[in-house]
Amino acid sequence: MVSMTMPDFVRAGVTVRTPATSANLGPGFDSLGLSLALYDELQASVSTRSLSVEITGEGKDVLPRDERHLVVRAMRATFDSIGAPQPGLWLHCRNSIPQSRGLGSSAAAVVAGLLAGRALVSDGPSRLDDAALLR
Numbered sequence: 001m002v003s004m005t006m007p008d009f010v011r012a013g014v015t016v017r018t019p020a021t022s023a024n025l026g027p028g029f030d031s032l033g034l035s036l037a038l039y040d041e042l043q044a045s046v047s048t049r050s051l052s053v054e055i056t057g058e059g060k061d062v063l064p065r066d067e068r069h070l071v072v073r074a075m076r077a078t079f080d081s082i083g084a085p086q087p088g089l090w091l092h093c094r095n096s097i098p099q100s101r102g103l104g105s106s107a108a109a110v111v112a113g114l115l116a117g118r119a120l121v122s123d124g125p126s127r128l129d130d131a132a133l134l135r
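Under the working numbering, the first residue of the sequence shown is numbered 1, with each subsequent residue one higher.
Worth flagging that the hints you see were computed from the coordinates, not collected in a lab. Just so you know, even glycine gets a beta-carbon here, dropped at the ideal spot from N, CA and C. One thing to keep in mind: the hints can contain errors.
Unchecked claim - Okay, the calculated beta carbon distance ranges per label pair: (1) Ala-107 to Thr-15: 15 to 23 Å; (2) Arg-135 to Gly-57: 43 to 51 Å; (3) Pro-125 to Pro-27: 32 to 40 Å; (4) Asp-130 to Asp-61: 32 to 40 Å.
Using the sequences and the accompanying hints, generate a full structural model.
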């Protein structure tokens, strides 16, 4: 349930690590899955500026650094779900998961954005539980 009062943002930034995944497991294709010891890491903080996206590692030369970035889109959707205003953001994406190789890099980006967005709101977890976050 979303609270009707305007939420505040935390002053400190947050760091989120999301694992690579695979669901290409032979006869369990798309019904069995596992996480791998390969992670993307997102550092995020609210900024007085508009949006700054830094990318290192996989995809650094091809991923967008604007509102089209999957992490940004997931964070914006989370703020909307919580009823928070859309703040300026500073993001540093350290990507270790290879892009377009079936290891879940897009899913890792979305989950990182959802978790970081909720964590940046001072009472985010009480405003948006896990089930609501993933709807």
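Here is how each hint holds up against the structure:
1. Ala-107 to Thr-15: 15 to 23 Å: The hinted range 15 to 23 Å holds for Ala-107 and Thr-15, with Cβ atoms some 19 Å apart.
2. Arg-135 to Gly-57: 43 to 51 Å: violated, 30 Å
3. Pro-125 to Pro-27: 32 to 40 Å: Taking Cβ atoms as reference, Pro-125 and Pro-27 lie about 38 Å apart, which means the hint holds.
4. Asp-130 to Asp-61: 32 to 40 Å: holds, 34 Å
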